[in-house]
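Peer 1: Here are the chains, one letter per residue:
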Amino acid sequence: MALTQPSSPAGPGGPGAGDALPLSLYSSHRPRLRGRSGVAASTISTLVVLVLIAGALASPSASAFRNGFLNVHQMWLALVGRHNEGILSVGKGFLLNIWLSGLCEAIVLVLALGLATLRLTTGPVLFPFRALAIGYTDFARGVPVILVMLWVGFGVPSLNIAEVSSQSPVVYAGFVLVFSYTAYVAEVYRAGLMSVPRAQVQAARSLGLSSRTTLRRVVLPQAVRNVLPALLNDFASLQKDTAIVSTLGVAEAVHSAQIAGGVEFNYSGFTIASLLFLAVTVPLTRYTDHIMARDRSRRLAGMPA
Amino acid sequence: MSTAQSVRAPALDGTSPPVLRAAGVHKSFGSLEVLRGVDLLVAPHEVVCLIGASGSGKSTLLRCCNLLERIDSGTIELFGHDLGHERIDEDLVRRHTGMVFQSFNLFPHLSVLENVTLAPRRVLHLQRAIAEQRAREILARIGLADKASEYPERLSGGQQQRVAIARSLAMGPRLLLLDEVTSALDPELVAEVLDLVGELAHQGMTMVVATHEMGFAREVANTVCFLEDGVIVESGPPGRIFGSPTEAATRRFLQRIIDAGRL
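Residue numbers (my numbering), protein chains in the order written: chain H, 1 to 305; chain E, 1001 to 1263.
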């Protein structure tokens, strides 16, 4: 090393406060592990952690946990169900979670965009609609989803209104999820729309693009890109909140797992249900990251459109 | 462009109607009066440069000409039509009036080619292939043919601004409004943009140019207008404005420019 040892004093500068301290460029801590020694260190620490976790799970005192939550036989039973004992299939129930969330998300994306655009209008005629939109958003975001679910799911049938009161619980559930999530997603859209600089709109309008075309071709694509992680976040949330439909007695994954737990006095069904949810939400978030990275690298690398 | 081959010949003879005529234009933002009675005449093929300190009203005047701002009083006529008329369609006004901004304002989610073809496709409803062919011709003319599939972020400021000009040209405007198009550029990139604007002037494009580039104004303008506090203090051919300005305010402004070493 070309540097002199820390013991050497400051250089031959003029007299000053800085000269009072000896110049040192050396850390008092041990050097960081890098390269091969770093790999070795991470391997060892990972093994230690894994052994500790395995040891904790394998210990005799954890047997209740293993048997209650990680029982493979019970997991399988809950997954496929056993019709004659009234045990509903968690797997079959989960299909309902999937299509319900997919359908609701599609409706939410359209309604929320309309709502966000409405709130960004400035025309005097639309004032009452903007006020209603604000009131709705405050309500839908401020009240627990489960409350609205119980309210609509049990309340509406009790009203005995023709057609409206005689729908299946799944319809009420879908309505409530759309009702709640449209407010959230509209706010995400609104943030995205507001994140696009006004100069972009002026540039587009200066080319003769109508306000509608400007929104569709210039503002919206940039807005959605800016809030794509938040949109997919809300989609993952919606996917999870389909579990609240279980309060209406709909045979979706969580309700089925609950039944299996009640019949068998074993709650490994919840484990399998959570694994099913994870199987959807984790790839979804990874996919979001991938889309973001691809978009960024495409714009920076200038690949053909 | 149809005027590509025509030799530059400003029609100041009074036979052809002016492209732009502003008279007594007033514009306020809140209590701040930005334009206080502006008169301006732009003939076909003429290049008018607006000079003056920041805040003198140059940009606002340009933005009133394509209706990004609405004037409070006075009149602006474009191609002989009063912009204050209640049935004026602002989209049609802008279709024929290109505007280039200080900060380029390219669409970052679109490639260069898509930036240039967006308006021809969505406003003029040109077929994609035709719009792209025309865009490539324009890009080739400004030396950016090889950048067609790049995204704006990948271009230098000078290249971005030239693409922004190409984007305006793709609509075949009859008037081009340039709002300090080199002010956001690094000094070494200014020349490529000014060269392009000079080339357009040479080809006969009618332009109103707000600029701080005095050398450019002296070289390219037919008429230079000096603005101060929202009025055109003095206007005339560049030789007279830069050589022997009659107004004290103009002399003061030019002296400051000279002191700053920019003329």
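FYI, nobody ran anything at the bench for these hints, they're computed from the structure.
Yeah, the Cβ is synthetic: ideal placement off N, Cα and C, and Gly gets one too.
Treat the hints with caution; some may be incorrect.
[Unchecked claim] Derived list of chain H stretches under chain E, where covered just means 3 residues or more per stretch with a C-beta under 8 Å from a C-beta of chain E:
(1) 199-206
(2) 211-223
[Claimed, not checked] Covered stretches of chain E (in silico footprint by chain H; criterion: 3 or more residues with CB under 8 Å from a CB of chain H, positions within the stretch not fixed):
(3) 1079-1087
(4) 1233-1240
[Stated by the list, open to error] Computed far set for chain E versus chain H, every beta-carbon distance over 12 Å:
(5) Arg1021
(6) Pro1108
(7) Leu1124
(8) Glu1153
(9) Gly1215
Peer 1: Can you list which hints this structure breaks, lowest number first?
Peer 2: 3, 4, 6, 7 and 8
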